[in-house]
Every structure is written in C-alpha cells, then in structure tokens.
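Protein chains: 2
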Amino acid sequence: MSKANTYPVSARGPMTHDVRDQIVAAATEHFRRYGYEKTTVSDLAKAIGFSKAYIYKFFASKQAIGEMICANCLREIEAEVRAAVDEAERPPEKLRRMFKAIVEASLRLFFQDRNLYEIAAAAATDRWPAARAYEERIQQLLQDILQEGRQTGDFERKTPLDEVTMSIYLVMRPYLNPLLLQHSFDYTDDAPAQLSGLVLRSLSP
Amino acid sequence: MSKANTYPVSARGPMTHDVRDQIVAAATEHFRRYGYEKTTVSDLAKAIGFSKAYIYKFFASKQAIGEMICANCLREIEAEVRAAVDEAERPPEKLRRMFKAIVEASLRLFFQDRNLYEIAAAAATDRWPAARAYEERIQQLLQDILQEGRQTGDFERKTPLDEVTMSIYLVMRPYLNPLLLQHSFDYTDDAPAQLSGLVLRSLSP
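Protein chains in written order, with the numbering used here: chain A, 1 to 205; chain B, 1 to 205.
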C-alpha cells in the first residue's frame, strides 16, 4: 500500500519520510481490521506501538492519516486504469478499457474491504484534496485519449473538447465515486460495455 | 406491500377506497412533518384520529402506507416528465426535455422535503414494487421516444433498440434514483444539457 513515497512528500528528509510511511502502513492495516470511523488516534498509537504524541508529530489528525491512505488507494486505482489504457493501441479501445478498469478497480479497492470503503466514502463526501486531485487526473486522462482520437481521425472534432470530456466524465462518474458505486452493483457487469458503446457512438466522426 | 389495492383499485368498493386515500393523505402530511423512519403506526393512528386496528384493516404495515405514498410521488414525477415530453414536437427535443424534467421533478419531490426523501430512499434501497414499476415505465417512455425518432429519421437504426434504450437509461439513472441523486447536487445544473448533448450525438444517423 505504501506507494505514498512518490508524492510530494515533506521536505523533512528521508528518515522522517520513512516514519510517515510506517505509520500509514500500520494505520492501513489497523483501519482495515477495525474500521476507520470508530478508531481513535490513541487506539492506533497503542496498536502500532508508537506514542500518540509521536504520531501527532507527523500527522495533524486522524483525517490526515486517512487522507494519505485514501490517496494511496486512489493512486492504485489510477495506476491500474492507466495500465489498462496503455495496453490498447487505438483511442476507441483505450476508452473501452478505461471504463472497464475503472469499474473493476474501484469495486475491488472500495468494496472488497468494507473498512477501506469507509475512508473512501469520507473522502468523497467531504471532498478531500486527494479525491479532488484524483477526479482531475481521471478527467485529464480522458481528455488525452479524446485528443489522441481526434488526431487519429477516430473521433469527431466538431464538439468542443471540454464539453465532450465533461459529458463523458459525467457518464463515468457513478462508477468512479464510491458513494454512487455502492448503489450500482446491479449494473456493474453490463454498464462498462453498454456505456462505452454509447460513448463511442457519440464520438463517431 | 399491498399496492394491488389501488393500481388497479380493489374490488372492495368506493367507500373502502376513500378511507384508504384518506389514510394515505393524512400519513403523507404526518410523515412529511415528523419523518417516516421514526413514526410508528400507533403515532400515526393517534395523529389522524383513527384506531390502530382500523388502520391495520386497510394496510398490513407502515411500509404498505409508505409504498402508497411513494407510488403517488413517483406518479407525480412521471406525469411531469410526460407533460414535458409531450410539449416537444420532435424526438430529439423530447429526449432533452425528458432529461431536464427528470432532474427537476426528482430534485423537487425527493429533496425539497427531506422527510419524503426518507421514503423514496427506502423504496430505492429495498426495491419496492412501486420503484421497480416506475423504472420500467420510464424505460418504456424512453424506448417510445427512440422508436419514434427512428421512424422520423432523426435517430440511427443500426444499434439494437434494446441496447440503445438500456444504455441511455443508465446515463439517466443517477438522476432518477434518489440514492444516487443525493450525491450529484453539484452536477444537476449542467448535467441534463451535457448528457443529452452526448446522448443525441450518439443517436445521430
């Protein structure tokens, strides 16, 4: 889980950075087992063998730890989506894979583990920065695929790119956002194919 | 569960039917004010001046009353959507209006009144018959518009009608279903136009 190492980490140097990672890794395991909402920083400190004061040296609050876990989780989904997109050659197939990978990776990461879902739901409800940054990166990835498809001649070019990006993002959103996804389990088998079919028809030149 | 009694109406005769309506009307007011979840049939009986036993002669449970209120609420949304569709002449405009009316009517009926939302949410979560029937009628309305658009030559005819209907229904679903709609308030201003634009591009012949 600790892919965190790669994001703009604090300038406190590598030692500090390791401790932060260690806390996040231990907290992930702890929240996974006992839930996020009902665990306090004291519980966490006791469980991982650090003092509460020591944890507070690195994280301002439980939410700050939750944000890091959430950021890791979203990075993991994003990496999976990017890998799926990169496997395809042409933009239409990239779009199909993007849709499929979003649904599969989100279902697995948010729902396999009901306790991680709690963190993802809090992130989406309160619009944590990690959740907003993730949405923006997904929109950017989508826009890159659309741009490429316009260049290859696979997609139409009349509609403004921003408008097309946003409307397709809206079609994907119920499967990206854990709060919506929890009410869409009946549709997750068929929706990726049906919706990417519709989206591709809308893009035909 | 006894939706059967009104749609179609029971064979018990008009008197019985009036009392049922009276109970439903009073219950709607009561739930509106005090909430659905925390009101018991006893509370309700006391408030509307009937005995509990008398209410139970007409409704098997609180949920049976809730189902009737929910059915009325969904019928109201549906009537508004149909009226909006009927105002338009051509199928593409009918689709646009359908989308817009769904969002507006659902927002108003489910959320203006937080206490009615509770009933709608229970209906959607537990898939009450009234909610399922509503989904089917909306799908049918959508299919009728698509069929008409194929006849007028406004819409393409290559893709199987069922597939097109289902994929557009999936695009509309986050705005039809109150559980999803509650997480989409940030998008309800722009989504109808953006999504119907996308859908209409996907339908172009």
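For the record, the hints were derived by calculation from the structure and aren't laboratory data. Just so you know, these numbers come straight off a predicted model, no measurement behind them. Heads up, the beta-carbon is just placed ideally off N, CA and C, and yes, glycines get one too. Hints are supplied without guarantee of correctness; some may be wrong.
[Stated by the list, open to error] No more than 27 Å apart at the CA atoms, straight line, and that leaves these computed lysine-lysine pairs for DSS-like:
no., chain 1, residue 1, chain 2, residue 2
1, B, Lys158, A, Lys38
2, B, Lys38, B, Lys52
3, A, Lys57, A, Lys46
4, B, Lys62, A, Lys100
5, A, Lys52, A, Lys62
6, B, Lys46, B, Lys57
7, B, Lys46, A, Lys158
8, A, Lys100, A, Lys62
9, B, Lys57, A, Lys158
10, B, Lys62, B, Lys46
11, B, Lys62, B, Lys52
12, B, Lys62, B, Lys100
[Said to hold, decoys possible] Some chain A residues judged to face chain B by a derived CB distance under 7 Å, without partners named:
no., residue
13, Val41
14, Ile48
15, Ser51
16, Val171
17, Arg201
18, Ser202
Agreement of lysine 46 of chain B and lysine 57 of chain B with the hint, judged by alpha carbon distance not exceeding 27 Å: At roughly 16 Å apart (the allowed maximum being 27 Å), lysine 57 of chain B and lysine 46 of chain B satisfy the hint.
Supplied contact hint for arginine 201 of chain A, tested at 7 Å Cβ to chain B: It holds, given that the least Cβ distance between arginine 201 of chain A and chain B is near 4 Å, below 7 Å.
Pair hint lysine 52 of chain A and lysine 62 of chain A, alpha-carbon separation not exceeding 27 Å: Holds. Lysine 52 of chain A to lysine 62 of chain A sits at ~11 Å (cutoff 27 Å).
Closest C-beta approach of serine 51 of chain A to chain B relative to 7 Å, hint status: Serine 51 of chain A check fails; min Cβ-Cβ to chain B is 39 Å, beyond 7 Å.
Restraint status (C-alpha distance of lysine 62 of chain B to lysine 52 of chain B at most 27 Å): With a Cα-Cα distance of about 11 Å, the restraint between lysine 62 of chain B and lysine 52 of chain B holds, given a limit of 27 Å.
Given hint lysine 100 of chain B paired with lysine 62 of chain B - CA-CA distance at most 27 Å: Distance of about 33 Å is beyond 27 Å: violated.
Restraint check for lysine 62 of chain B with lysine 100 of chain A, where alpha carbons must lie at most 27 Å apart: violated (41 Å)
Hinted pair lysine 100 of chain A and lysine 62 of chain A, Cα distance within 27 Å: Distance of about 33 Å is beyond 27 Å: violated.
Chain B contact restraint on serine 202 of chain A - CB to CB distance below 7 Å: holds (4 Å)
Satisfaction of hint between lysine 158 of chain A and lysine 57 of chain B, Cα-Cα up to 27 Å: violated (63 Å)
Pair hint lysine 38 of chain B and lysine 52 of chain B, alpha-carbon separation not exceeding 27 Å: holds (16 Å)
Restraint status (C-alpha distance of lysine 46 of chain B to lysine 158 of chain A at most 27 Å): violated (64 Å)
Checked against the numbered hints above, the structure violates hints 1, 4, 7, 8, 9, 12, 13, 14, 15; every other hint is satisfied.
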